[in-house]
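Put chain B on the given structure of chain A with help from the hints.
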Amino acid sequence: KNEVEQSPQNLTAQEGEFITINCSYSVGISALHWLQQHPGGGIVSLFMLSSGKKKHGRLIATINIQEKHSSLHITASHPRDSAVYICAPYNNNDMRFGAGTRLTVKP
Amino acid sequence: KAGVTQTPRYLIKTRGQQVTLSCSPISGHRSVSWYQQTPGQGLQFLFEYFSETQRNKGNFPGRFSGRQFSNSRSEMNVSTLELGDSALYLCASSLGAQGAGNTIYFGEGSWLTVV
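If you're matching them up, the sequences are chains A and B in order.
Numbering follows my numbering, in which position 98 of the first sequence is assigned residue number 105; successive positions increment by one, without gaps.
Numbering follows my numbering, in which position 34 of the second sequence is assigned residue number 40; successive positions increment by one, without gaps.
It is possible that part of the hints are untrue.
On the chain A side, residues computed to face chain B include the following (Cβ under 8 Å) [unchecked claim]: (1) 25; (2) 38; (3) 89; (4) 93; (5) 102; (6) 107.
Take a look, some chain B residues computed to stay more than 10 Å from chain A by CB distance [said to hold, decoys possible]: (7) 18; (8) 49; (9) 61; (10) 70; (11) 77; (12) 81; (13) 85; (14) 101; (15) 109; (16) 118; (17) 121.
Hints in this document: simulated from the structure, not taken from any laboratory.
This structure is a prediction, so every number in the text was calculated from the model and none was measured.
Every residue gets a Cβ at the ideal spot worked out from N, C-alpha and C, and that includes glycine.
Chain A on its own, in the form it takes in the complex (with noise of 0.2 Å):
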């Protein structure tokens, strides 16, 4: 069993939908990454959270550590939202990461 499972693996929505992507890893963590991947490579950071939820504009994290569970939403969703999204666990200086959810927004 991965530690890192992420779902789904492909998401095709149209531009204002709600979306959701959700991760569940098997350890204890002490934060966990979600990142956006656009194509060419680059990454960004979006959120690093330890407990509870952040908004971040139209993007809203949530974690439950009990339950070893993040969930990534992106309200009214929009074509330059299409990208790889990575969520990445981290705990004892060892961040391992999801396959990743690929989303495309079409308008």
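Same frame as chain A, now just chain B:
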């Protein structure tokens, strides 16, 4: 202020050769970490340096090594290149240690092709 800068952006090497990649972190950042990304394995952590000391190393063979200089710039080296080393190598910097409540900032990466 300038972001994380990686050089070179693209390179092609032959099996058996060695390669050195460079990373200049954001000014003031003391932590530099390196990652490998391949289509098959996804993103994997290579190592992290903080104040010139290696804090942690991922599960990679000894052919992969790195170092950090007093100005926080970092290099990673891969010796005796194999075809499977073809990948995007990403560097990231943060103010403090990776993951310890610090946001990480990624460079654009170095695309290595081994032929």
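Results for each hint:
Checking residue 25(A) against chain B: minimum C-beta separation of about 26 Å lies over 8 Å; hint violated. A distance limit of 8 Å between C-beta atoms decides the matter here; for residue 38(A) the minimum to chain B is near 5 Å, and the interface restraint holds. Nearest Cβ of chain B to the Cβ of residue 89(A): about 19 Å, over the 8 Å cut. The hint is violated. Nearest Cβ of chain B to the Cβ of residue 93(A): about 6 Å, under the 8 Å cut. The hint holds.
With a least beta-carbon distance of about 5 Å to chain B, the hint placing residue 102(A) at the interface is held under the 8 Å criterion. Satisfaction of the interface hint for residue 107(A) is found here, the shortest Cβ-Cβ separation to chain B being roughly 7 Å, below the 8 Å cut-off. Listed as outside the interface, residue 18(B) is consistent with that label: its C-beta sits roughly 17 Å from the nearest C-beta of chain A, beyond the 10 Å cut-off. A cut-off of 10 Å between C-beta atoms contradicts the statement that residue 49(B) is not in contact with chain A; the least separation is 4 Å.
A beta-carbon of chain A is positioned within 10 Å of the beta-carbon of residue 61(B); the least distance is around 5 Å. Distance check on residue 70(B): its Cβ is at least 16 Å (rounded) from any Cβ of chain A, clearing the 10 Å threshold; non-interface status holds. Once the 10 Å rule is applied to beta carbons, residue 77(B) is consistent with being away from chain A; the minimum gap is 23 Å. Distance check for residue 81(B) against chain A: the nearest CB is about 20 Å away, which clears 10 Å, and the non-interface claim stands.
Distance check on residue 85(B): its Cβ is at least 24 Å (rounded) from any Cβ of chain A, clearing the 10 Å threshold; non-interface status holds. Non-interface status of residue 101(B) relative to chain A is upheld: no Cβ of that chain comes within 10 Å, the nearest being about 12 Å off. Not every CB of chain A is more than 10 Å from the CB of residue 109(B) (nearest about 6 Å), against its label as outside the interface. Against chain A, the non-interface label of residue 118(B) holds: every CB pair exceeds 10 Å, the least being about 12 Å.
With 10 Å as the threshold on Cβ separation, the claim that residue 121(B) sits away from chain A holds: the shortest Cβ distance comes to roughly 20 Å.
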